[in-house]
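A.B. asks: Chains as they are written, first to last, in numbering that gives the first Met the number 0: chain P, 0 to 365; chain V, 0 to 125.
Since the hints were made in silico from the structure, they are not lab data. What you are looking at is a predicted structure, and each value in this text was computed from that prediction instead of being measured. Heads up, a few of these hints could be off.
[Unchecked claim] As a list, the in silico DSS-like pairs of lysine-lysine whose alpha-carbon atoms are at most 27 Å apart:
| no. | chain 1 | residue 1 | chain 2 | residue 2 |
| --- | --- | --- | --- | --- |
| 1 | P | K252 | P | K285 |
| 2 | P | K345 | P | K285 |
| 3 | P | K252 | P | K308 |
| 4 | V | K66 | P | K345 |
| 5 | P | K252 | V | K66 |
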Amino acid sequence: MQTPLYALHCEFSAKMVPFAGFEMPLQYSSGIITEHRHTRAAAGLFDVSHMGQIRLTGTNAAAALETLLPADVMGLAPGRQRYSVFTNEQGGIVDDLMITNAGDHLLLVVNAATKFDDLALLEANIGHRCGIELLDTHALIALQGPLAAQVLELSVADIAQLPFMHAAAVTIGDTACWVSRSGYTGEDGFEISLPAADAADVARRLLQNDAVAPVGLGARDSLRLEAGLCLYGHDIDNNTTPREAGIEFAISKMRRRGGVREGGFPGDNVILDNSAAPVRRRIGIKPLGRAPVREGADLVDAEYRPVGKVTSGSYGPTVEHPVAMGYVNGASALHGTTLNAIVRDKYLAVEVSPLPFVPHRYYRGR
Amino acid sequence: MSETRYTEDHEWARPDGGTTVVVGITDYAQEQLGELVFIELPEVGSDLAQGDEAAVMESVKAAAEVKSPISGTVLETNDALNDAPDTVNREPTGDGWFFRINASDLAELDELMDEAAYTSYLATLE
């Protein structure tokens, strides 16, 4: 399948690759490293229309959604956004997602590869309590980077004042859009949901600004990795709990032990049990040499005993060294611990590093 | 017998006087890989058979190997690539060479493609 921006990608000489059923731009002519750095220095425009946008409607939608995930959705005010995870009975993560209260409906943004599973999960469990609609007639464009706000301000008055994890209905040109202050790069930025038919016009309008360059999936991955953000199916999956992943912020206070609406989601007894430390933890991994350490590489400690595995790894164009994430046992998870990654049958020294590798630069309002 | 030869894996081998052959990857290969961020070169003095893994290249997205297009003993490696692997992207057939090898049998090059054959081969990959 093609996204509404397919022709635009081709115009910008994108190298297209199949991804989750779509033809997506891996990179444009300037290359992944240049696109990555441009996003951190100015602003990058990403086509993320392959992601699933799901609209939940009806007065019971928030209460119903709370039976599938550990976020406070009923208390989510209009124009506010929250990150959470669908969970399974074992306490594992079925998908991670953004939830926005869009006033008369809830807007969910879920992963591309899992959207039909998510849809089936929603329909089977809460289909009788609320309206569920996949917005496959909508595109999603991310504008990310330190200049994103001033670029979007030229089209949308006062949008620069919108704080991180807030959202608003706006008009860009003649197009009604739903804009949130969020993203997947660690930078300030926006995600713009809009009708597919107008997506190319809005993208072109933003790209006319010299600060904005198109950025492909390659740099999207290296940006999120430097930002320490999990990629579903790699860093988190059905067998990972939110605590192991270090994403407890996906669990709202009032859904935790002693909270007003404690539990009530799949795997709550496992996820809310803090009696023992998790057996394994997600860590940042800084290879000490120049060779990238990639997904699947085994990790051993200084005495060469197995301690875990790498779940994501690449080169970090901003930090200018390889970066990776993975899981290790609790004893090996301390920052500064030296471990070895096994790459091509060799031991490469790596260090357990704090995440993110590049500080987040979100706009939290004043 | 002194012209550059090419493999189906997109290595080039250029005779450089006597039994010395210079080895690198083609422009097509670097274009496919994208910007290189790490290169692991063979050890000088190591013996390679034709088709053996000789070097490893890593781009942001993926790793790939360079196979030796000819059998022999590695004489010299392009150590400048350790600090500047992207030289291969900019000048794959010039300053981006990988290693020099003392070929044990120059006739092995005859099995490889000449420039015209390689160009036709690339056309089949489009």
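A.B. asks: Hints first: check each against the structure and report whether it holds.
C.D. replies: Okay, the hints, checked on the actual structure:
1. K252/P with K285/P: violated, 32 Å
2. K345/P with K285/P: Holds: K345/P and K285/P sit about 17 Å apart, inside 27 Å.
3. K252/P with K308/P: violated, 31 Å
4. K66/V with K345/P: With Cα atoms ~19 Å apart, K66/V and K345/P stay inside 27 Å; holds.
5. K252/P with K66/V: violated, 56 Å
Consistency note: the structure conflicts with the earlier hints numbered 1, 3 and 5.
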